[in-house]
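Model the full structure from these sequences, guided by the hints.
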Amino acid sequence: MIRQLFNDGWTAGPKLGVFGTQDDGTVRKPVRLPHDGVRDLHRTADTPNGSHTGYYPGTHLSYEKTFEVPADWHGKAVMLEFEGVYRDAMVFVNGDLAGQRPSGYSAFELRLEPYLRFGEANTIRVEARTHQDSRWYTGGGIYRNTWLAVSEPVHLTLSGVRVTTPDIDQERAVVLAQLDVVNDTRHTRTVRVETQIIGPDGREAASASAPLTLLPAHTGTLHLRHYVRKPELWDVDDPNLYTLQTRVRDDELLDEHVTAFGIRRLQLDPIHGLRINGQSIKLRGGCIHHDNGPLGSAAIDRAEERRVEILKAAGYNAVRSAHNTLSRAFLEACDRYGMLVMDELSDVWTEGKAPFDYSLAFPEWWERDVESMIAKDFNHPSVILYSIGNEIFEVGRPIGSTWGRRLAEKVRALDPTRLVTNAINGMVAALDLAASANPGEPLDVNALIDSMEEGMNTLGSSEEVSHRTEEAHAQLDASGINYSESRYAVDAERHPDRILIGSETFPGALDRLWPLVEQYPTVLGDFAWTAWDYLGEAGIGRVVYQDEEAGGFGAAYPHLTAGSGTIDITGRLKPIAYWRQVVWGLRREPYIAVHRPQRHGQEVKIGPWSWHDALNSWTWNVEPGSPITVDVYTDAEEVELQVNGTTVGRARVGEDKAFIARIETTFSPGTVIAVAYRNGEEVGRSTLETARGDLRLHASADRQELRADGTDLAYVEISIGDDAGVVHNDVEEQILVALDGPAVLAGFASAAPATEERFDAERRSTHDGRVLAVIRPTGSGNITLTATAEGLLPATVEITAAH
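Per this note's numbering, the very first residue in the sequence shown carries number 5; after that it's consecutive.
Just so you know, the hints here were simulated from the structure itself, not pulled from any lab data.
In silico DSSO-like pairs for lysine-lysine, Cα to Cα no more than 27 Å straight-line: (1) Lys357 <-> Lys414; (2) Lys380 <-> Lys80; (3) Lys316 <-> Lys661; (4) Lys286 <-> Lys316; (5) Lys69 <-> Lys33; (6) Lys380 <-> Lys316; (7) Lys33 <-> Lys19.
Below you can see the structure in the form of structure tokens.
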């Protein structure tokens, strides 16, 4: 099989005209997939999508590609696979409809032979549309990889290699390969299927071979058992990967495929909780949306990998996809880096949450969507949980429970090796109770949110919610609990064999949540909302000062990001991420977080998804002597704060909030040191310096050598600081970037939560002293990025791209 990326040579633009007429090409532009056709549209305050999508509009997109189909492809199987098109994709080949897919997150494949003209140019057109169909920013268009596969009439199906490891011990592991081979000819064929397992060391670990007879127009399934001696197991600390090489041949090679997999054992019980390879593990989890910040929703391989790298370095060992299935590139990175995955099917079933959301198609397409998710995930050792839904309205009703059972049993039928969950929100399952509290009045959702941290927790463990959700919980291997940790103790007593997982929690509540996770073996872990900030649901995690707009769910234009992530959209860890490391027990060095002195003394509202407006900085544009608040995150008992060698304060840890010591002092440029004590003995210290002297631009790339195949990126952080690299976070300057060489600027961003600046511009204002440029190679060669700002010397970065 010739399987190759089909990402180059496309054009894209809005679908114009009426009654299906085409645009004249004047607004179309060349694009390289993956591509988000919404990111560069004009944001307005009056878009019907509002804060849900970050004030981006809806659109109807058209993609086209013309390619040569060789005459010798006649008689071969030609398949086109889309990993994701958002949304309601319609695919036309030479003007004829070849297939469709309503879901924006499900991979799908098309057989092209009936529509192709062999020996000449062929045109593929893909239409996609999005409008008031989501509670967050989705982007639009062909935003994940596309593949073209050409094979002999006898070939492996695209998802026809499935690997399981049903029996493992220290001496050997049984590796079972299930192989689906299709015969598209008119004659019975007998072929030989050969497999070879290559270990992490690059050596052969096992092999097998068997004949397979295939009737005409039939698919045959073959199971081959392998015995790997002294297996190197996959887990979060040692993500060892094997590869299965599969070949189908008769007198000649007909097809071949390489599949990566891991050997690991998954166990679940109320005594040990979750065990991987016999070792209990608690999930330090975070929820993530599918967008890539500056790239919009474009799931370029390196962007997905970088997120996994940063999440793992931040202390997370698990992610939950919210509220849709993850890309293959993301899962492959999780396999390589040892990140566990809860892959989630959908945010809705039959009852919608937005006017034109996926509930309109779900009743007809849900089985195909489940099949697509399982086919994508099956061979990834990182995937341990399938979530069948998020905060589904129907779960509190009997008929809704029948939908849950259909979904859970469909998943189990396709993949019995993993666990099934559902992210259940008790308040959502009982919204009618909240409405009946004030009969005749509209439900005030903002009032509910303002009291959410307490109200959701109380309602979630109430008798009424327990009764309503009992059938939904009984369908699951592990019951997802959203915002209701009060269930942990209740269910441990009433349902001691019920396994729970904190599938969605407030990020700043970890100090009270994590002790419960550690206390109860029936609670597998905690997933914060969110680990990584995202576009849309604009402002739900913002801090509101007394002179700003009132709180509530969603902020006014030009707010863009949710603001709830422990990592911002550029990939920098926020202070809360370091606090969470302390709570998890992963960090011993104290961390200094300084509240913005310009806001000192002002009333501030910190919502349930918010965190303190503080930075790890001692460089501020305020007069010396200005009052300033300093937080130190530590697991010690007491903290001493020194400024320029003088002790300015000492505070007990936990007086305001667990793992935080708060000290009021005054700002004085220079050096600030936090010293942590336990039992009177120093256990750690950390230091911040003020930026000194003239400022300059600094630029650094995460990698200097890139692949030139369209799947790679370089992330270049540009900052304003002193000669020593100390960033001046309190300056805002316009940064202009220019590229020389075979590359394009794929995105340019800051972490500013509210802005009218565009990701496709070459000029950007710094936020907290930084901006981030994303470079995408277009070919082989040397690439130079030059950053300039008024009054500052330029900074350059050199990068090399090669095939």
